[in-house]
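Student: The primary structure of each chain is shown beneath.
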Amino acid sequence: MRENPNPMVKINNVHKIFGKTLHVLRGIDLEVNKGEVVVILGASGSGKSTLLRCINFLEEPTAGTIEVDNIVINAGESDKKRENQILEIRKKTGMCFQAFNLFPHMTALENIIEGPTTVLGQEKTQAILYAEELLDWVGLTDKRDEHPSRLSGGQQQRVAIARSLAMKPKVMLFDEPTSALDPELVGEVVDVMERLAKEGMTIIAVTHEIHFARDVADRVLIMDEGVWLEEGTPEVIFNNPKEQRTRQFLAHIL
Amino acid sequence: MKDKTVHPGETGIPPEAKRVLEKIETKKAKYKKQMSIAFVVLALFSVTFLIALGLDFKFMVKWLPFILAGSGYTFLVAFLAISLACFLAVAGALGRLSKNPVFNSIATSYVSLIRGTPLLVQVYMWYLALPQVGGALEAFGIPGVQRLFTLPAIPAGILALGVCYGAYMTETVRAGIQSITIGQTEAAKALGMTTTQTMKRVVFPQALRVIIPPVSNEFIAMIKDSSLVSLMGVWELSYRAIKVGRRHFQSLEMLIMVALIYWLMCSLLQFAQEKIEKRMARGDRRIS
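Those protein sequences? They're chains G and R, same order as listed. Using the working numbering, the first residue of the first sequence is number 48, and each one after it goes up by one. Using the working numbering, the first residue of the second sequence is number -10, and each one after it goes up by one.
Worth flagging that the hints you see were computed from the coordinates, not collected in a lab. We put the CB at the ideal spot given by N, CA and C, even for glycine. The reader is advised that the hints may include incorrect statements.
[Said to hold, decoys possible] Pulled a few chain G residues facing chain R out of the computed Cβ check, cut under 10 Å:
(1) THR140
(2) PHE144
(3) LEU167
(4) ARG210
(5) SER211
Let the sequences and hints guide you as you build the complete structure.
Tutor: Okay, structure coming up:
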């Protein structure tokens, strides 16, 4: 898919400094093409999640430029127009969290239609039709009217994915979507992610799921202390990495 | 042992386990029964005590309609004051959480000032001191303020109670909002919701569940504090009871009666609170 010269996400020289001195991202560049699946690996604290959260401005980058589907936002500015641009980017990006973050006071279906009805102003009946399709797609039709507390972790994460997809996003961001799951529940979530990739969704995933990285990713990037350590196809990264530190890291997670 | 036990792999609950389950059930039922008996005994004891005191029940029945007529004022004052307080509490909590220095400082001062002064002083402030403020303003050349600021007893009471409880409830609402995890806000934002939408659709509905019990507390306290409007000569429940009791030298009868009426009103509120809490608990892990 890399022959498509049409970057869906373009990150240019992004820095993130927490407080006054905690320099987490140190000048990150990244281009992700339409339909491309990118997996970011790295030790905990290396800045992967922060980068992901900068893309939809859950974290405000301290310096640099973020571009999603031709909406360009520079760090360090703030005005009304920019606020609206951030909302536009968020509508175009879906995000799945490690802790699922489903709305506990809503049923699975209500969670899924919340974005379309509240943010996009869709008719409820129309939103429900699409939500039911999505529930079917993630295999949870029978959990339509259950509250999240009655669902397993894997089921919750699948509802969370459906909730993001209801917004018809151009890019999906996965922030360690399986890290909070019991081992036997990881498969059902990874399976949904794989099917999403097959349908041509642009995906940026921070995950330790090696199967997903090896079998589904077009490109794997390794982050180390806020800079890219190495990038390449899964074959190269997993079988023949250049950097010694990459080898050390992979030895830990493989 | 007579009963055959269930071997590993077989279905069914083994008889020895069944006996334990039955024991637990009997224990629960026994506890419930003992509780009911204790309450009934306590009630009987209280009634006997009151009869032994030689209470004039005829006198109580005779004055009951007159006293009850005052409950209208109590309800009116409490209801309007709590409505005002709820409104102020939400506005105050948003102010306390706001990054806007003007809103934040106003909300913070409001809470500090009102919580730091006695309600009694505030009641008189609205009723007796406010006209003086109006007079001073009129002297500055704003016509008609003094009349506007001279409040009848009931509106003054409603304002005093509403503003006072609003300050306490501001902190309750603020704590409720802050108890909702950041992940909820982030999930809402990631969907593209504005701050207002996030508050309205995600944070506030969840915070509401947290603040219902403490707000009900305030509600119940308000019902009783509404008797403070009697200070301004409003003929509400307790005022009537005290007046009648004094005039006929039968204060005990009147006070017991009015206390029972308040208790009944508050019990109704508590009942409503329990119903609402049950309804709001849908989706709560601890219940379902």
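Student: A separate judgement is required for each hint: does it hold in the structure or not?
Tutor: Right, here's what the structure says about each hint:
Interface hint at THR140(G): satisfied, since its Cβ lies 8 Å from the closest Cβ of chain R, which is below the 10 Å cut-off. Hint on PHE144(G) holds. Least Cβ distance to chain R is approximately 6 Å, under the 10 Å limit. Annotation: interface hint on LEU167(G) holds; nearest CB of chain R at approximately 8 Å, less than 10 Å. For the restraint placing ARG210(G) at the interface with chain R, the shortest Cβ-Cβ distance is roughly 7 Å, inside the 10 Å limit, so the hint holds.
A hinted interface residue such as SER211(G) counts as satisfied when its beta carbon comes closer than 10 Å to some beta carbon of chain R; here the least separation is about 8 Å, so the hint holds.
Going down the numbered hints, you'll see the structure goes against none, and every one checks out.
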